[in-house]
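Since the structure of chain Z is already known, use the hints to place chain R on it.
Protein sequences, first through last, are from chains Z and R.
Going by the numbering used here, the first sequence opens with residue 220, and the numbers climb by one from there.
Going by the numbering used here, the second sequence opens with residue 220, and the numbers climb by one from there.
Mixed in with the good hints there might be a few duds.
Below are the DSSO-like pairs computed for lysine-lysine, each with C-alpha atoms no more than 30 Å apart in a straight line [to be verified]:
| # | chain 1 | residue 1 | chain 2 | residue 2 |
| --- | --- | --- | --- | --- |
| 1 | R | 369 | Z | 325 |
| 2 | R | 278 | Z | 369 |
| 3 | R | 278 | Z | 325 |
| 4 | R | 454 | R | 428 |
| 5 | Z | 428 | Z | 454 |
| 6 | R | 369 | Z | 278 |
| 7 | Z | 278 | Z | 325 |
| 8 | R | 325 | Z | 454 |
| 9 | R | 278 | R | 325 |
| 10 | Z | 428 | R | 325 |
Only some residues are given here: those of chain Z computed to face chain R with a beta carbon under 8 Å [said to hold, decoys possible]:
| # | residue |
| --- | --- |
| 11 | 255 |
| 12 | 265 |
| 13 | 282 |
| 14 | 316 |
| 15 | 326 |
| 16 | 330 |
| 17 | 349 |
| 18 | 367 |
| 19 | 390 |
| 20 | 496 |
| 21 | 498 |
| 22 | 501 |
| 23 | 558 |
Source of the hints: derived by calculation from the structure; they are not laboratory data.
The C-beta atom is built at its ideal place from N, Cα and C for all residues, glycine as well.
Number of protein chains: 2
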Amino acid sequence: MRLRILVAVMSALLGMGSPAGADYRVREVGSFHIGGRDVVLSGLPIQELSFTAGMAPIKVDPNGEFIAGQMYVQYVRLAEPRRLPILFWHGGGLSGVTWETKPDGKPGWQQFFLAAGYDTYVSDAVERGRASWARYPEIYPSAPFFRPKKEAWELFRIGPTYEVGGRREAFSDTQFPIEAFDQFARQQVPRWASNDAATQAAYDALIQKVCPCIVIVHSQGGNFGFRAALNAPDKVRALVAIEPSGAPDPATVDLARIRGVPHLVVFGDHLEDSPPWQTFVRAPRRYATALAAAGGAATWLDLPAEGIRGNSHMVMMDRNSDAIAQRVQDWLIRTVPDLR
Amino acid sequence: MRLRILVAVMSALLGMGSPAGADYRVREVGSFHIGGRDVVLSGLPIQELSFTAGMAPIKVDPNGEFIAGQMYVQYVRLAEPRRLPILFWHGGGLSGVTWETKPDGKPGWQQFFLAAGYDTYVSDAVERGRASWARYPEIYPSAPFFRPKKEAWELFRIGPTYEVGGRREAFSDTQFPIEAFDQFARQQVPRWASNDAATQAAYDALIQKVCPCIVIVHSQGGNFGFRAALNAPDKVRALVAIEPSGAPDPATVDLARIRGVPHLVVFGDHLEDSPPWQTFVRAPRRYATALAAAGGAATWLDLPAEGIRGNSHMVMMDRNSDAIAQRVQDWLIRTVPDLR
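Chain Z with its partners taken away, still in its complex shape (with noise of 0.2 Å):
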């Protein structure tokens, strides 16, 4: 009793109450490319493309000299930031919208943490929204995969069935804004199953160029973030993943490196029912005990098993989002020294 008391008279003084609605003081809004290799094409056939509806059609040379593989990042620098930006990197299929304003249009993570004091940076991976991507098979040796409404609905946990032109069935006890589905799916953007290493490379380059920082990561950005904390341990103060989809073998990495570094990992609700689900999260749960093993610290935060019910996939869109906000930045507060 006496410990709550102590940690709200610390929350209130660390200024940890909810920061929704509060103002805040911006040094400046930017961004940048980073990333990206020189590509030479050759030998295509001239292109004849009218630009605009009605212009007599003008030949374009579609060959020459491209640049590949380039990630994108926007910041907010604050006034008075706290002493580490928090780097925003989101899943498959998505972007870093994943980020910011909700679907049913109410504030997202970036804002609160915004609103928390944090700078921030997020980010479009290689071949995603403002990363810009390129052509295939000749650069990408692939075509794209788009997913579909029911995908989207099933994979993440909205609910068990959608019909297609027919029923959506979502979870009783769904935490995310069904009646905003349709907004969401306007956030899809296309994947490859190519770019791993050009993405790994740019997501550590990005560490390189503005770390030390906290890396919060979704999804298929799991594998990422959790490579690129043992790529630079020095630099990755604290790493937050929510729904990784994966994690490395803990056998073929050097768990040592990392011990210090702070790794929550948040999961959601109705994984039981979504068989792939139960598979995708054999690997992060592995990683995440034997980091724990290795001597790091993990902490894994099941959020039915502390009673918060109905959270899908999409953890920081779903309606009580600034609640899961409030408890990763309580952890922040509590794991990461120097923080302010």
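Relative to the frame of chain Z, chain R by itself:
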């Protein structure tokens, strides 16, 4: 002389000094998607994909429901903004990144106008950046075009010649930061030639959602901006067209509708050295002339004629971008009633 002093005094009173380096208080950084239509695909073969290196291929069904034709808009809302927000619309083969940090790392026009007190809405048009894009040939009828570096160098009037793998010759007086040209190339995204109608519809919907406002457009955005003003003259309080690559035929539109919408058209240097631009400039010139003849307010800002030499097509990325932004800002304050 007396008038000049009066203008200087009023400028100081109205806060028209350079806003470079100023912090500003932000209420919200956010975003949304607007527009788009439902599409159903069927009959496509099941694909086998490995989503990460080494992962056993899984079967995925590319059929189902999708959304196509939506646009992405990111806003920064200030705590105490001027009365009208500014909407920034990019050009062809580019995204909203056009308006953000310049390729040389210096602040761009979004930052300039935020510091000058405007809420900003930066969009990625249909098919570009975070707006996402749709399958071809199933949804878009054709393949996209990827602009080679050579085309950007020459068509954007950075210099007269670009040899692939060889020498890049710039205009001797160019304002473009040529050492950052490859960084600029990282910003380029593929473009289609078939989405004009969806793009116009999304822009028109955006105006209905967030205006009254000021609209600043670039290059391919010119046509969309001119049409948007014609479609909503009560909502668009001023249109600034930076190097518009086209404009409607004045004989086919009702210019009387936009008599109350002041237009500013800005062109940089070396039009006479670029045969394509000698052609492209004709339609905007004819449009501005016709608008003035119809009793409208059309200001043509020819930078070289004002003694400002060397601006490329990418005026907002040129070394003197702040000076041009200041010209635009001065024109807005002079021209738009009730701007504060």
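Here is how each hint holds up against the structure:
no. : hint           : result
1   : R:369 to Z:325 : 43 Å, violated
2   : R:278 to Z:369 : 15 Å, holds
3   : R:278 to Z:325 : 35 Å, violated
4   : R:454 to R:428 : 10 Å, holds
5   : Z:428 to Z:454 : 10 Å, holds
6   : R:369 to Z:278 : 15 Å, holds
7   : Z:278 to Z:325 : 46 Å, violated
8   : R:325 to Z:454 : 25 Å, holds
9   : R:278 to R:325 : 46 Å, violated
10  : Z:428 to R:325 : 16 Å, holds
11  : 255            : 6 Å, holds
12  : 265            : 12 Å, violated
13  : 282            : 7 Å, holds
14  : 316            : 5 Å, holds
15  : 326            : 7 Å, holds
16  : 330            : 6 Å, holds
17  : 349            : 4 Å, holds
18  : 367            : 3 Å, holds
19  : 390            : 20 Å, violated
20  : 496            : 14 Å, violated
21  : 498            : 10 Å, violated
22  : 501            : 13 Å, violated
23  : 558            : 22 Å, violated
The structure shown violates the earlier hints numbered 1, 3, 7, 9, 12, 19, 20, 21, 22, 23.
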